[in-house]
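Order-wise, the sequence lines are chains A and B.
The C-terminal position of the first sequence is numbered 272 in the UniProt record's numbering, with every residue numbered one higher than the one before it.
The C-terminal position of the second sequence is numbered 272 in the UniProt record's numbering, with every residue numbered one higher than the one before it.
For the record, the hints were derived by calculation from the structure and aren't laboratory data.
Among the hints, erroneous ones may be present.
All copies of an identical chain are treated as equivalent in the list; a pair is satisfied when it fits inside any one copy or across any two copies.
Listed below are the simulated SDA-like cross-link pairs for lysine to any residue, each with C-alpha atoms no more than 20 Å apart in a straight line [stated by the list, open to error]: (1) K164 / T131; (2) K43 / M245; (3) K164 / H247; (4) K164 / G226.
So you can see what is in the structure, the chains are spelled out below.
There are 2 protein chains.
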Amino acid sequence: MAEPITVDDPADPRLHDYTGLTDVELRRRREPAEGLFIAEGEKVIRRAGQAGYPMRSMLLSAKWAGPMRDVIEASPAPVYLVDPQLAEHVTGYHVHRGALASMGRKPLPAPAEVLSGARRVAVMEAVNDHTNIGAIFRSAAALGMDAVLLSPDCADPLYRRSVKVSMGAVFSVPYARLTDWPHGLATVREAGFEVLALTPAAGSVPLDEVAAHRTDRVALLLGAEGDGLTARAIAAADRPVRIPMAHGIDSLNVGAAAAVAFYAVTTGRPPA
Amino acid sequence: MAEPITVDDPADPRLHDYTGLTDVELRRRREPAEGLFIAEGEKVIRRAGQAGYPMRSMLLSAKWAGPMRDVIEASPAPVYLVDPQLAEHVTGYHVHRGALASMGRKPLPAPAEVLSGARRVAVMEAVNDHTNIGAIFRSAAALGMDAVLLSPDCADPLYRRSVKVSMGAVFSVPYARLTDWPHGLATVREAGFEVLALTPAAGSVPLDEVAAHRTDRVALLLGAEGDGLTARAIAAADRPVRIPMAHGIDSLNVGAAAAVAFYAVTTGRPPA
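Just chain A, same shape as in the assembly (with noise of 0.2 Å):
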């Protein structure tokens, strides 16, 4: 461990890491570009380290030194003591959970290594907003989904936004982003995978036909809010299937038809 040391001035050089967090556009660059992402918050903090994230360094309020001081012991880290108001000037807002820690990234695996134990698999296209990909992450691990593959202009779900929104489920996870889009989804039907792409387009089949009492592996292709897939995905895609709609509503919310489809996938029981 490291002994905490007590910083007052919000210049100094250690803090680096933790500058600007409100500037989405610089910490979107800043952060892959760097290696680093932010935990916040004594939960997910222990969850990222848990995972196997290595611990850059820790900002922590006086406070929270008590409550944290096994996670202090077990790594050897550096420790920052500031207080709250010093805390807001560095990263640009009050931070109300006391807590914040700069994690190392590691490699992300190759699509075929997330691919290769998976039966029930989640594939994201455009999906930009760091709120909507924390929150199918979190449902993706609730529900039971083994992996998750993004296409390339995915947002990062170790944002610190989406790491809060998922609860941390981004750690518990697989995933690996798959760098030919649409082509490289044939890496995905290649490895026995039907890929099921959900989308509202006619033709398409309704979900609890196809979804539910199977045993072979099954990929399902979400788009974005609002746009959704695009044609070339679902051109992609081994059949397009969607969630039926009632009242004449149009649509669900991306975050409700991702868990409503996680559902019908994961949890069909093979006729007894």
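Given the coordinates of chain A, assemble chain B onto it according to the supplied hints.
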């Protein structure tokens, strides 16, 4: 129809329905007391009208007078044309959608009335977040729930934020409020519904074991994000049920949980 009136005094008493829209506490008291609610944006205003809510007035920026011409012509309600700065001054925010309508509330039906023709019903306890209420109504409508019942402390489905998040679905699903809680659940059971309480508590039965392939009447009881259902509500239900969780995740968010549960009870087809 009434000829649109240009208003340029923010203190004009005819704009009273639209004052202080960002003051949640004020509006939460005023709107039910004055028998009104605010519909925002062309689509939501049209849906409110189609659902039979009487229009009290509209507040439009000039460019919306054209697209809303048919709505204006179909109603005797006064239409006030204002510039965007005045709209912001009156309401407290920048009205992106350029059109607001003050609609008259209708008396809520009695619980027995909304239950009479229904087969699948959602019952919410203490869901007092306007965003969650809206999201749950959207899913309830989209997934074919026939009615919604609210405990006395649930938030107002006709609050501006709820209406917006629901995409107008609060107008599509009949709902009522139970005044006596949780004793009012007896009304639901007496109407022939089995009341299933959604809870991760020990002893609960996996949802997929009880929800699918049912032809009888089912009511799903849902609690708020965080606290979940009270012990009293669970005790007043017939059976506790749960959505099975994986990867060590302890819960779904309430919107995702509701969507999954609605899908589970509405989509099960009788075995062939």
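Here is how each hint holds up against the structure:
1. K164 / T131: Answer is both; intra-copy 9 Å and inter-copy 18 Å each pass.
2. K43 / M245: Answer is between; shortest inter-copy Cα gap is 19 Å, intra-copy 37 Å.
3. K164 / H247: For K164 and H247, only the inter-copy Cα distance (17 Å) is at most 20 Å; the intra-copy one is 34 Å.
4. K164 / G226: between (23 Å within a copy, 15 Å between copies)
The structure agrees with every numbered hint stated previously.
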